[in-house]
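Following the hints, position chain B against chain A.
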Amino acid sequence: MDGTLEISIDKLPIKRLEALEENGVERFPSDVGYEERRLNLIHRIDFGWAVDREDSAKKQKKDNAGSSSSSKDATKPWPWKSLVENLQSAHQELSVIIDLINTVEVNDAVTVAGMTRPKQLPNELLSDLAVSTATKLQCYRHLGKYFKQSAKGLEQQIAREARFYGALIRLQQNWKVKRHRSAASPGNEGFFIDLFDNSLYDPTASFRPSTISTVRVEHDAAGMLALNLPPKAGRTLHFGFLCENSDSTATRASRIKIVGSDPDPSGESNKEPESDDDCVKNKHAVLREVHRAIFDEQVFDLVNREAFNPSLGVNVTGIRENYLELNLTQGASVFISLMTPKQGDHMVDSVDYQNLESALVTSEFFDDSNAKNKTKDLTKKTVLPNRVSCEIFLQQTFHEQVFVQAKKRTTSGGKMHSGPPTTNLLGHFCMSVAHRIFSNKILKALDDLVSRVPYVHLISHPTWNSRTSSWTLSVDVPQSIIHASCQAQISEKKVKTQFRTKVLVNDDCIKVEGEGAPNVVGLFKGTSERICSINRYDCDLADLPMILLQQVASQIIRWLHAEALMVGIKANRDFLCLSFELEQGETLGLVAHVNPEDSIGCISWWLVMDDGFTEEGKLQSEISETDNRKFLGHLSLDMLYSTLLDLVSLCSGGGNH
Amino acid sequence: MDSPGPNTSLQRLQNVEKRIVRVLELAGGVMDELANPSGSRKDLVSSHCAEFMKLIKDIQMTLREEIKSACDYRPFEKCDYIARVSNEICSKKLEYLAAQLDNMKQTVDEYHDADAV
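Protein chains in written order, with the working numbering: chain A, 3 to 659; chain B, 191 to 307.
Bound-form chain A, shown alone (with noise of 0.2 Å):
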């Protein structure tokens, strides 16, 4: 367009009067109709600048046309001139039309009669099926690419997934996997590990899922399987005693060794990328982890439940988070406590710390050797069990009794007794830690008194109950004596050749149980060989020893007056001596003097002359050597053997004393 602006007013479209007649009729021009009135519109548009335009470009075509070939050989010509210049030709004439349409849109008084293309040249007809092939093979182009992009992507893809799906179903041979679809999202596809086991229907709810129940399976960087724990996912069940320091520490750290290594969320402890399979392995031993203490929480609950309980044979002393102390009849103090293995670590200091103040109270049980003191002092050992011992114990009493039996009466058909069985597993378990302390103790004063007796023999007994124990006292009479008297005797009756006090340990009830005891029937008739007779004694552990060493003593009296009757001697037996008569109403007795406290031997033999007057009574009470009575000390088997052949020669001999 050239630079000038011309502007065409329109009349208002409003009637005009054109003439007045002298008789004031008012003449109006006639209504122009609709079609001329298009007409008249269109005729005032005025296309000759175009049409000027047009030429122009025309002259100026040949202009340059002209111009271009003469300077040809001037200047290096730009291939894309003249394609250039096709291009604004057209693009001038598109917006001419463009324009025309866009009048003919607004103006609604013209509308576009019709249209027809002109008949296309040739050339063109080429052209437009040239630019249709080249945007074919464009979009081919496009859709080759695209098909490769997706392949590609959806490689990587599937190998991430692989990796994934296959470690999850790895873990799902083992644990519950199971998905919220609501919760997907296109990061997550909603998966979590449900560690709670859901059979266990009980209407006492006494088994809630607890809140670390769900593990949240997730991807991590390489888009490779990765656990969600919950927080507090660690905590485990420990036991221990309120005066214990020493062995706690190195069962502990066998245990973190065997477990493996701990979630890192960092990831800095492991630097080499691990194996799929070692991925896996990890996963399943974090899960364990989780599982064991779930069930470790479950097992506090019940213990808090059933600690709180008046018929219970213990007492609570002491009530932290997530800790619980008890006190046990034999004087120990015990705690149960759910903490992180971090935490157990603590505790074990911090217990050493109270302990080094309150030690007094419960000194006959502490411990001394250190962890650092590897010599072991076998004579210096403490009475109480292993605290790893009693851990595993609780953990089986509860497994046992509550979760086992459950699951056999939900699968037995759901044969429902009375609900939940009354059984008091806390008091039975810490009855069992009590007796066991017990037990120690006797066996302590067992040991004692038998490393001190050498012709003693002490044997342990399994009873396969945590609340009995058994012990066998036995004196066997050496294999020498025994073939002596074989030699020297054809007899048919045997002599016993070894004799056993059995010691009996209910709870802390002991029993001892041994023949040996004059039996009164058999004194009277004078043969009492056949007869044994068992002698029951409950006792406690201050009389233990003696009542022992009493019963051994009589059982060697019992053995000697065998042998004696063997040989053919008539002798008489009391409970602890053994007397013969000699010719002129004079007795020599052996007897046996027992004192538990003795440190040599704890029973020694007295040779005692009694002509008739004096008194019984006064043998037990004088030690010293007087006329009747001589010294012969702790005498082995052997030995009283040959005194009793030597008494028993002097007494058929009808020797002089």
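Selected chain A positions facing chain B (Cβ under 8 Å, derived; list incomplete):
id: 1; residue: Leu156
id: 2; residue: Asp199
id: 3; residue: Phe297
id: 4; residue: Val390
id: 5; residue: Ser391
Capping the alpha-carbon separation at 20 Å, the derived lysine-lysine pairs in PhoX-like fashion look like this:
id: 6; chain 1: B; residue 1: Lys244; chain 2: B; residue 2: Lys208
id: 7; chain 1: B; residue 1: Lys208; chain 2: B; residue 2: Lys247
id: 8; chain 1: B; residue 1: Lys208; chain 2: A; residue 2: Lys154
id: 9; chain 1: A; residue 1: Lys344; chain 2: A; residue 2: Lys234
id: 10; chain 1: A; residue 1: Lys572; chain 2: A; residue 2: Lys498
id: 11; chain 1: A; residue 1: Lys283; chain 2: A; residue 2: Lys178
id: 12; chain 1: A; residue 1: Lys180; chain 2: B; residue 2: Lys268
id: 13; chain 1: B; residue 1: Lys283; chain 2: B; residue 2: Lys295
id: 14; chain 1: B; residue 1: Lys247; chain 2: B; residue 2: Lys258
id: 15; chain 1: A; residue 1: Lys504; chain 2: A; residue 2: Lys443
id: 16; chain 1: A; residue 1: Lys138; chain 2: A; residue 2: Lys150
id: 17; chain 1: A; residue 1: Lys83; chain 2: A; residue 2: Lys61
id: 18; chain 1: A; residue 1: Lys178; chain 2: B; residue 2: Lys268
id: 19; chain 1: A; residue 1: Lys138; chain 2: B; residue 2: Lys232
id: 20; chain 1: B; residue 1: Lys208; chain 2: A; residue 2: Lys150
id: 21; chain 1: A; residue 1: Lys410; chain 2: B; residue 2: Lys268
id: 22; chain 1: B; residue 1: Lys268; chain 2: A; residue 2: Lys409
id: 23; chain 1: A; residue 1: Lys64; chain 2: A; residue 2: Lys83
id: 24; chain 1: A; residue 1: Lys60; chain 2: A; residue 2: Lys83
id: 25; chain 1: A; residue 1: Lys513; chain 2: A; residue 2: Lys443
id: 26; chain 1: A; residue 1: Lys504; chain 2: A; residue 2: Lys446
Hints were generated in silico from the structure; no laboratory data involved. Quick reminder that beta carbons are idealized off the backbone N, C-alpha and C, glycines included.
Just chain B now, with coordinates in the frame of chain A:
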């Protein structure tokens, strides 16, 4: 990944996914070939298309079979968590026993050493 040959249904489904990737690659190849300005090579295109159809057929057959043999979803009938806890307790016992036996062995060795000396 695990064993060669499509033994398990997982392996077969894995192969299906690989075939889909291959199918896409073939399609891309055919498109590229068609977009070749100097005309497309008919034999290449036809071989690609033949492979494409074969793979599609394989995929379809495998998926049909897998869908038929997929088992119903049974919600965790047999949960072995209790047995698992029993085993955990047993393994703790074994650890403890092993420690005890080690102690005993150590004692025995110490006595032997003392005797030797």
